[in-house]
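Read off the chains here:
Number of protein chains: 2
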Amino acid sequence: MKKESFGMVHPQYFTFAEPPHRLKLQSGKSLGPVTLAYETYGELNDDRSNAILVCHALSGDAHAAGLLPDDPTPGWWDGLIGPGRALDTSQYFVLCANVIGGCKGSTGPASIHPETGKPYALDFPMITIADMVDAQRHLIDYLGIDKLLCVIGGSMGGMQALQWASSYPDRLRSAIPIATALKHSPQQIAFNEVIRQSIMADPAWRKGYYYESGQPENGLAVARMIGHITFMSDQSMEQKFSRKLKKENLSFQFTEDFEVEGYLRYRGYNFVKRFDANSYLYITKALDYFDLSGERFMPDVKKTPVRFLVISFKSDWLYPSYQSQEIVRLLKRKHAYTTYFDLTSTYGHDAFLVEIDDETRLIKNFLAHIDRT
Amino acid sequence: MKKESFGMVHPQYFTFAEPPHRLKLQSGKSLGPVTLAYETYGELNDDRSNAILVCHALSGDAHAAGLLPDDPTPGWWDGLIGPGRALDTSQYFVLCANVIGGCKGSTGPASIHPETGKPYALDFPMITIADMVDAQRHLIDYLGIDKLLCVIGGSMGGMQALQWASSYPDRLRSAIPIATALKHSPQQIAFNEVIRQSIMADPAWRKGYYYESGQPENGLAVARMIGHITFMSDQSMEQKFSRKLKKENLSFQFTEDFEVEGYLRYRGYNFVKRFDANSYLYITKALDYFDLSGERFMPDVKKTPVRFLVISFKSDWLYPSYQSQEIVRLLKRKHAYTTYFDLTSTYGHDAFLVEIDDETRLIKNFLAHIDRT
Chain A
0 MKKESFGMVH
10 PQYFTFAEPP
20 HRLKLQSGKS
30 LGPVTLAYET
40 YGELNDDRSN
50 AILVCHALSG
60 DAHAAGLLPD
70 DPTPGWWDGL
80 IGPGRALDTS
90 QYFVLCANVI
100 GGCKGSTGPA
110 SIHPETGKPY
120 ALDFPMITIA
130 DMVDAQRHLI
140 DYLGIDKLLC
150 VIGGSMGGMQ
160 ALQWASSYPD
170 RLRSAIPIAT
180 ALKHSPQQIA
190 FNEVIRQSIM
200 ADPAWRKGYY
210 YESGQPENGL
220 AVARMIGHIT
230 FMSDQSMEQK
240 FSRKLKKENL
250 SFQFTEDFEV
260 EGYLRYRGYN
270 FVKRFDANSY
280 LYITKALDYF
290 DLSGERFMPD
300 VKKTPVRFLV
310 ISFKSDWLYP
320 SYQSQEIVRL
330 LKRKHAYTTY
340 FDLTSTYGHD
350 AFLVEIDDET
360 RLIKNFLAHI
370 DRT
Chain B
0 MKKESFGMVH
10 PQYFTFAEPP
20 HRLKLQSGKS
30 LGPVTLAYET
40 YGELNDDRSN
50 AILVCHALSG
60 DAHAAGLLPD
70 DPTPGWWDGL
80 IGPGRALDTS
90 QYFVLCANVI
100 GGCKGSTGPA
110 SIHPETGKPY
120 ALDFPMITIA
130 DMVDAQRHLI
140 DYLGIDKLLC
150 VIGGSMGGMQ
160 ALQWASSYPD
170 RLRSAIPIAT
180 ALKHSPQQIA
190 FNEVIRQSIM
200 ADPAWRKGYY
210 YESGQPENGL
220 AVARMIGHIT
230 FMSDQSMEQK
240 FSRKLKKENL
250 SFQFTEDFEV
260 EGYLRYRGYN
270 FVKRFDANSY
280 LYITKALDYF
290 DLSGERFMPD
300 VKKTPVRFLV
310 ISFKSDWLYP
320 SYQSQEIVRL
330 LKRKHAYTTY
340 FDLTSTYGHD
350 AFLVEIDDET
360 RLIKNFLAHI
370 DRT
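Chain order of the listed sequences is A and B.
With the first letter of the first sequence counted as 1, position 295 gets the number 294 in numbering that gives the first Met the number 0; the numbers rise by one all the way through.
With the first letter of the second sequence counted as 1, position 95 gets the number 94 in numbering that gives the first Met the number 0; the numbers rise by one all the way through.
Check before you lean on any hint, since a few could be wrong.
Each pair may be met inside one copy or between any two copies, as identical chains are not told apart.
As the list claims (entries may be wrong) - Dumping the calculated BS3-like pairs for lysine-lysine here, alpha-carbon to alpha-carbon at most 27 angstroms: (1) K313 with K239; (2) K206 with K272; (3) K243 with K28; (4) K206 with K246; (5) K243 with K146; (6) K313 with K182; (7) K245 with K23; (8) K313 with K117; (9) K146 with K363; (10) K182 with K243; (11) K302 with K331; (12) K246 with K182; (13) K245 with K182; (14) K182 with K239; (15) K301 with K146; (16) K206 with K117; (17) K246 with K146; (18) K206 with K28; (19) K302 with K182; (20) K23 with K146; (21) K28 with K182.
These aren't lab readings, by the way, just hints derived from the structure by calculation.
Owing to the predicted nature of the structure, the values given are computational and were not obtained by experimental measurement.
Generate the whole structure from the sequences, applying the supplied hints.
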């Protein structure tokens, strides 16, 4: 079958927890009203059994596939979503929502606080992966979907897939957590903490209340540069940059000598144009708080009805394969039907966005065998 | 034999390249006068054949062993240097000098520029590992040492050991490069670039001219936190911190929740008290510029007379073992007598400072077989 892009899409919005109702959060606090920005690809079938929820990573958004008006950039998982692709939009109804706490249309720290008329800033409550999933469940209810065929995502998206299975095992038939973990290791927390410290060390951050004065651009750019190093592998950086110089000779000055330096600066300072620093703080904290290890996963479920496909990548040192293997061991203890692949790739953590062919082969086959009755 | 600390030491200073003379630098620029702060442990023997030069790493200094007056902290390699220790001060004359560009007594960006009467700041010329070694050679000349028994160091100290062998193969009998590389990979350059960007993004940096207004403390602290993550291993962080909380419960605020966060903040902000931000910039650049790969190593020497002991650590991901194996392959091509050990350790890059027992066994045996005639 011909594989093609889904084509034009348009952003959609769903608002719930309108006063006096509020979304109850894991912290004990609550939030409302809550808006989710989302996109859909394909058609929901008559018995509403063909819906697949795609969950995005730290700096992702609802634009997973196709093209938006006035934006030439295809969605972040465009290669995986479309007619004939792994998430085949001629068969499945695929949807993706921006997480709460984000800055791409869903309610987050840059949104207007209804009580003050100003952006929440640090008055926004701390949110967790479970809270993100609870908000998505409201969207699924609204769309009239009783049971998702699958929840799929990489990195933080994979945590959401695991959280869906743990929080609402009766609301999904399968889950595909990719390049993810049951909980952050201290090294992962440490990288996130330095990212947060970098943002908060920038005087322009103003303890979070910068929406009138402008973003803490330098702090956020440095934070993103740290991220980019962890997304790539030693080997992929060697292949892409080696020690190639930007000019013929070393400058013997504090300018960009090596191509890798220019790349990092470009990616760092480009990021500040499209992402809110406070969202980066809230979402990294949600990542660090996430912990479904041991008895925290499906606490009331002896034998899970959810089927799992777990995927990791050998060169991913941010979410190393041993963390996916911990997921698999936990799922086996819950007697889950679980398939696991540790894929060869040199792309490091970025592999989940890049290794489309390998992922397509595994995901297509896995989805074809999910019982929808 | 009883192993004991060397005891009290005192800082010494040597100044050369006094006007009109200057130290010629690799950049084409020059520097003078140049002061080196150094310490010595043990006695130089009559034929001056027992001198061992210890070279320090990025944030190290001349205080390698023993105790200084008014400072309770033993030198950074105290476990390796002293009577009966690996660098046995009852047999050897051990010395260590702060590198040029540093901030612990040797001439660096915080030193007074003789032409302006103010700190050099960014008028300090860019320096390289070869320049550091050239300055050390002046000190060795001054001490009347024709041939060093050994040059030893870890990380940047190991680069200096390799540079000594390449620049002055007739001035040393042996070299022990530990946990080091012939050149930085793009990943290593990337970490250093983010470290530099973090410092330079701090408005208090003032393009380097901050000596009257005060250090860019926040930028330097974040820079050092990045460093600390790379010095440890995933495993050593798990052993030391796991996901241990500072308080009983998660705070759901942007405070320190996990012990690893508190550790990083403490190490980061403690560092700004003892290290100059501009020195960090200059020295990281020297690390990135270093490249003795291929024909750059001992270009005029067909068969090196220097003996080598190369050591790496399996969990060191900042200077991975494959980089030490590249050193060994290059040395074999120069027909060098080379011994190589890839030691098991969970401590990551920090292992070269921690795994004293294993290092002692290898170094003692190696030094005992160096021909001094």
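To see whether the hints hold, each was checked on the structure:
Taking CA atoms no more than 27 angstroms apart as the test, K313 paired with K239 passes in both settings, with 18 angstroms inside one copy and 25 angstroms between copies. Within a single copy, K206 and K272 get their C-alpha atoms as close as 20 angstroms, and across copies as close as 24 angstroms, so both meet the 27 angstroms cut-off. For the homomeric pair K243 and K28, the shortest alpha-carbon distance between copies (24 angstroms) is at most 27 angstroms, but the shortest distance inside one copy (51 angstroms) is not. Within a single copy, K206 and K246 get their C-alpha atoms only as close as 40 angstroms, which misses the 27 angstroms cut-off; across copies the closest is 23 angstroms, which meets it.
Proximity of K243 to K146 under the C-alpha cut-off of 27 angstroms is found in neither arrangement, the shortest distances being 52 angstroms within a copy and 37 angstroms between copies. For a Cα distance limit of 27 angstroms, the shortest separation of K313 from K182 qualifies both inside one copy, at 19 angstroms, and across copies, at 25 angstroms. In this assembly of identical chains, K245 and K23 lie within 27 angstroms of each other by CA distance solely across copies; the values are 26 angstroms between and 52 angstroms within a copy. Taking the closest pair of Cα atoms, K313 and K117 never come within 27 angstroms of each other, the shortest separation being 46 angstroms inside a single copy and 53 angstroms across copies.
In this assembly of identical chains, K146 and K363 lie within 27 angstroms of each other by CA distance solely inside one copy; the values are 19 angstroms within and 68 angstroms between copies. Taking CA atoms no more than 27 angstroms apart as the test, K182 paired with K243 passes between copies only; the shortest distance there is 13 angstroms, against 37 angstroms inside one copy. Taking the closest pair of Cα atoms, K302 and K331 come within 27 angstroms of each other only inside a single copy of the chain (9 angstroms); across copies the shortest separation is 59 angstroms, beyond that limit. Proximity of K246 and K182 under a CA criterion of 27 angstroms is satisfied inter-copy only: 19 angstroms between copies versus 43 angstroms inside one chain copy.
Taking the shortest Cα distances, K245 and K182 sit within 27 angstroms of each other only across copies (17 angstroms), while inside one copy they are farther apart (40 angstroms). Only between protomers do K182 and K239 lie at most 27 angstroms apart by alpha-carbon distance; the minimum there is 17 angstroms, versus 31 angstroms within a single protomer. With identical chains, the CA atoms of K301 and K146 are at most 27 angstroms apart within one copy only, with a shortest distance of 20 angstroms there and 73 angstroms across copies. Taking the closest pair of Cα atoms, K206 and K117 come within 27 angstroms of each other only inside a single copy of the chain (15 angstroms); across copies the shortest separation is 36 angstroms, beyond that limit.
Taking identical chains as interchangeable, the C-alpha atoms of K246 and K146 are never at most 27 angstroms apart, the minima being 57 angstroms within one chain and 39 angstroms between chains. Within a single copy, K206 and K28 get their C-alpha atoms as close as 21 angstroms, which meets the 27 angstroms cut-off; across copies the closest is 44 angstroms, which misses it. In this assembly of identical chains, K302 and K182 lie within 27 angstroms of each other by CA distance solely inside one copy; the values are 22 angstroms within and 53 angstroms between copies. In this homomeric assembly, K23 and K146 come within 27 angstroms of each other (Cα to Cα) only inside a single copy, at 22 angstroms, whereas the closest approach across copies is 74 angstroms.
When the C-alpha separation of K28 and K182 is checked against a cutoff of 27 angstroms, the pair qualifies only within one copy, where the shortest distance is 23 angstroms, while the shortest distance between copies is 52 angstroms.
Violated hints, in rising order: 5, 8 and 17; the structure is consistent with all others.
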